[in-house]
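When you get a sec, could you build the whole thing from the sequences and use the hints?
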Amino acid sequence: MADTQLIEIETLTKRFEDHVVLDNVSLDVERGENLVVFGRSGEGKSVLLKCIIGLLKPETGRVLIHGQNILELSVSRLNTVRKNIGFLFQGAALYDSMTVRENLSFPLKRHFPEMIQNDVDNKVRYTLDLVSLEEAIDKMPSELSGGMKKRIGLARSIITDPELMLYDEPTTGLDPITTKEISELILSLQKKLSMTSIAVTHDVMCAEIIADRAIFLKDAKVAYEGSIPELTASKDPFLKNFFSHEIINA
Amino acid sequence: MKLPQHRYGRRLSYNDIIYNFFATIAGLTIFNFEFIKQAFKPPYEIAEIKRHMDELGVKTFGIVSITGFIIGLVLTMQSQPVMQRFGATDFLPAMVSLSVVRELAPVITALIFAGRVSSGIGAELGSMRVTEQIDAMEVSAINPFNYLVVTRVIATTMILPILTLYVIIIAILGAFLAIAITEPMSFQYYQASVVNSIEFGDFIPSIAKTFVFGFIVGIVGCYKGYTAEGGTEGVGRASTTSVVLASLLILIFDMVLVKISLWLWPTLS
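Protein sequences appear in the order of chains H and S.
Counting along the first sequence from 1, when you hit position 134 you're at 134 in my numbering, and nothing is skipped either side.
Counting along the second sequence from 1, when you hit position 138 you're at 388 in my numbering, and nothing is skipped either side.
The hints are simulated quantities; they were obtained by calculation from the structure and are not laboratory data.
Computed from a prediction, not measured in an experiment: that's the story for all the values here.
From the three backbone atoms N, C-alpha and C, an ideal C-beta is built for every residue, glycine too.
Among the hints, erroneous ones may be present.
Pairs of lysine-lysine residues, derived as DSS-like cross-links and limited to a Cα-Cα distance of at most 30 Å, are as follows [what the hints assert, rightly or not]: (1) H:83 / S:287; (2) H:139 / S:300; (3) H:109 / S:287; (4) H:123 / S:252; (5) H:109 / S:309; (6) H:192 / H:218; (7) S:287 / H:57; (8) S:300 / H:83; (9) H:139 / S:309; (10) H:235 / H:218; (11) S:291 / H:123; (12) S:252 / H:57; (13) H:221 / H:139; (14) H:109 / S:252; (15) H:109 / S:291; (16) S:291 / S:309; (17) H:191 / H:83; (18) H:221 / H:109; (19) H:109 / H:139; (20) H:83 / H:192; (21) H:57 / H:123; (22) H:180 / H:191; (23) H:109 / S:300; (24) H:83 / S:309; (25) H:83 / H:109; (26) H:191 / H:109; (27) S:291 / S:252; (28) S:291 / H:83; (29) H:57 / S:291; (30) H:123 / H:109; (31) S:252 / H:221; (32) H:192 / H:235.
The following label-pair restraints were derived from C-beta to C-beta distances [to be verified]: (33) S:280 / H:69: 19 to 29 Å; (34) H:122 / S:301: 19 to 29 Å; (35) S:301 / H:193: 50 to 60 Å.
Covered, in the sense of this in silico footprint (three residues per stretch, anywhere, with C-beta under 8 Å from a C-beta of chain S), are these stretches of chain H [unchecked claim]: (36) 86-99; (37) 107-120.
Below you can see the structure in the form of structure tokens.
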């Protein structure tokens, strides 16, 4: 594996009963690169992310992060790898029995038990400031709007300074203005914190803002690959159809 | 931990129902082994256990107080005419207190506790499962089983015996009220009769089984919630089936434990 590569996925196959969701998918992601994974609903985009983080176990294939195949690691070694990965869920997945402050300090206290309370508080405030939501610190998740939840979810994912971020539909269900704000926030955080990222989406506006490179999953395989301008300008009838609909929706 | 999947749908065949029955038994057994494995693994979430104990105690305190008082009162009201017919009214305090200590307080408190707590745990963990909060913990390298399941099961196991002791006292007071309305019996005499009729040995099997009942309430609620699937419908199903399964297991284990305690302490029979 080349030194510049952070993730290498080799011949990954995942099926649910008889339905093959990922079929021999191979993919490399370089350090500092922002990759967007496109695909229609149900094409296995989220499944790919969950295989990368070890939430789902594929039938065959390897997922190498820093050269370690995470599918063969013990739980404790997998957790060591996971400490360097942030994951933003589609619905933000905030712990709804905790305030925003507790949501953010929860991973921090567990990963850095030696950290004193004052430092934890400062780090929580600093991270909330990065997502421009310091005023929400004592709110419960039920008091937040969809966009605010995404921002807090993002803040919780980056609070442990991960080197890799995985985004599962970061802008789904948001209006175009909030979509643009969240996408720009993701880009600025990636630059500020020098993170590598993989974002799963079918939102072209979001992809245009954050992506260096994109792949398109179709029929359980990587069907197309290139930059966003290359994909959107493609003469391929399927891509043309997909992007024309997406651009109209956006 | 790999748990067997259940079959859901609007129309389940008999095969599916039988399959689900065995899937539940197998799943619950695997879940129990996982609990035993994880309970001794650090980090020990002592603060979280205390928080759950506080919360569960407060949640059920009101309802078990009322239930305990009514059990004592009604049991006495029902038994009094029969005892009077045999001229054995003096034995009423002994009969009521033995019934309450040995059987009624542990079982009824456990059933009330199951209704209030098991469903709550099932719904809470179920909703965390379907909204990916449990996955979020897992990807943050935090052990969700240890944090969510172990803490709750230990809390329910520890709090139910305390609640049962409290219910015993309340039920005996309720029984005195029922006697005092119709019989000229002083509280001192009633208290002495109760104390003389109950031996320390009566408490041991009765309180020991409440630890088992508390464990059942916690583990069933956690199992149903932790394995919930299928959105809000799944959360509702987890909550309802938790109560049904926990109540059923409490009654089955009560039967087994009574037999065991009579074998271990023959003087009780």
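To see whether the hints hold, each was checked on the structure:
1. For the suggested pair residue 83 (chain H) and residue 287 (chain S), the alpha carbons sit about 23 Å apart, so the restraint of at most 30 Å is met.
2. For a cut-off of 30 Å, the pair hint linking residue 139 (chain H) to residue 300 (chain S) stands: about 24 Å separates their Cα positions.
3. Of the supplied pair hints, the one linking residue 109 (chain H) and residue 287 (chain S) holds, its CA atoms being roughly 24 Å apart against a limit of 30 Å.
4. Distance hint between residue 123 (chain H) and residue 252 (chain S) is unfulfilled; the C-alpha atoms sit about 37 Å from each other, more than 30 Å.
5. Using a Cα cut-off of 30 Å, the hinted pair residue 109 (chain H) and residue 309 (chain S) holds, with the two alpha carbons roughly 28 Å apart.
6. In summary, the hint linking residue 192 (chain H) to residue 218 (chain H) is not supported, as the alpha carbons are separated by about 33 Å, beyond the 30 Å threshold.
7. Note on residue 287 (chain S) and residue 57 (chain H): the hinted pairing holds, with a Cα-Cα distance of about 22 Å set against a maximum of 30 Å.
8. Of the pairs offered as hints, the one joining residue 300 (chain S) and residue 83 (chain H) holds, with about 28 Å between alpha carbons and a cut-off of 30 Å not exceeded.
9. For a cut-off of 30 Å, the pair hint linking residue 139 (chain H) to residue 309 (chain S) stands: about 24 Å separates their Cα positions.
10. The straight-line distance between the Cα atoms of residue 235 (chain H) and residue 218 (chain H) is roughly 16 Å, inside the 30 Å bound, and the hint therefore holds.
11. Between residue 291 (chain S) and residue 123 (chain H) the CA atoms are separated by roughly 29 Å; this keeps the pair inside 30 Å, and the hint holds.
12. This hinted pair checks out: residue 252 (chain S) and residue 57 (chain H) have alpha carbons roughly 12 Å apart, not beyond 30 Å.
13. For the suggested pair residue 221 (chain H) and residue 139 (chain H), the alpha carbons sit about 42 Å apart, so the restraint of at most 30 Å is broken.
14. Of the pairs offered as hints, the one joining residue 109 (chain H) and residue 252 (chain S) holds, with about 29 Å between alpha carbons and a cut-off of 30 Å not exceeded.
15. With a C-alpha separation of about 18 Å, the suggested pair residue 109 (chain H) and residue 291 (chain S) falls inside the 30 Å cut-off, and the hint holds.
16. Taking the CA atoms of residue 291 (chain S) and residue 309 (chain S), the gap is near 29 Å; set against the 30 Å cutoff, the hint holds.
17. As the CA atoms of residue 191 (chain H) and residue 83 (chain H) are separated by approximately 20 Å, the hinted pair is consistent with the 30 Å bound.
18. Straight-line distance between C-alpha atoms of residue 221 (chain H) and residue 109 (chain H) comes to about 40 Å, which puts the hinted pair past the 30 Å bound.
19. Of the supplied pair hints, the one linking residue 109 (chain H) and residue 139 (chain H) holds, its CA atoms being roughly 19 Å apart against a limit of 30 Å.
20. Our distance criterion of 30 Å between C-alpha atoms is met by residue 83 (chain H) and residue 192 (chain H), whose separation comes to about 19 Å.
21. The suggested pairing of residue 57 (chain H) with residue 123 (chain H) is violated, with an alpha-carbon distance near 34 Å, which exceeds 30 Å.
22. Distance restraint check for residue 180 (chain H) and residue 191 (chain H): the Cα-Cα separation of roughly 17 Å lies within the 30 Å cut-off, and the hinted pair is therefore satisfied.
23. A distance of roughly 18 Å separates the Cα atoms of residue 109 (chain H) and residue 300 (chain S); the hinted pair therefore holds under the 30 Å criterion.
24. For the proposed pair residue 83 (chain H) and residue 309 (chain S), the alpha carbon gap of about 36 Å is over 30 Å, so the pair is violated.
25. At most 30 Å may separate the alpha-carbon atoms for a hinted pair to count; residue 83 (chain H) and residue 109 (chain H) meet this at roughly 13 Å.
26. Distance hint between residue 191 (chain H) and residue 109 (chain H) is fulfilled; the C-alpha atoms sit about 26 Å from each other, no more than 30 Å.
27. With a C-alpha separation of about 19 Å, the suggested pair residue 291 (chain S) and residue 252 (chain S) falls inside the 30 Å cut-off, and the hint holds.
28. Straight-line distance between C-alpha atoms of residue 291 (chain S) and residue 83 (chain H) comes to about 19 Å, which keeps the hinted pair within the 30 Å bound.
29. Taking the CA atoms of residue 57 (chain H) and residue 291 (chain S), the gap is near 24 Å; set against the 30 Å cutoff, the hint holds.
30. A hinted pair counts as satisfied when its Cα atoms are at most 30 Å apart, and residue 123 (chain H) with residue 109 (chain H) qualifies at roughly 11 Å.
31. Straight-line distance between C-alpha atoms of residue 252 (chain S) and residue 221 (chain H) comes to about 28 Å, which keeps the hinted pair within the 30 Å bound.
32. For the hint pairing residue 192 (chain H) with residue 235 (chain H), the CA-to-CA distance comes to about 36 Å; that exceeds 30 Å, so the pair is violated.
33. Judged by the Cβ atoms, the range 19 to 29 Å given for residue 280 (chain S) and residue 69 (chain H) holds: they are separated by roughly 26 Å.
34. Range check, residue 122 (chain H) to residue 301 (chain S): about 25 Å between beta-carbon atoms, so the 19 to 29 Å window is met.
35. The hinted window of 50 to 60 Å between residue 301 (chain S) and residue 193 (chain H) is violated, with their beta carbons roughly 33 Å apart.
36. Note: the segment 86-99 of chain H has 9 residues with beta-carbon separation from chain S under 8 Å; the three-residue rule is met and the coverage holds.
37. Counting residues of the segment 107-120 of chain H whose beta-carbon sits less than 8 Å from any beta-carbon of chain S gives 3, enough to reach three: the coverage restraint holds.
Checked against the numbered hints listed earlier, the structure breaks hints 4, 6, 13, 18, 21, 24, 32, 35; every other hint is satisfied.
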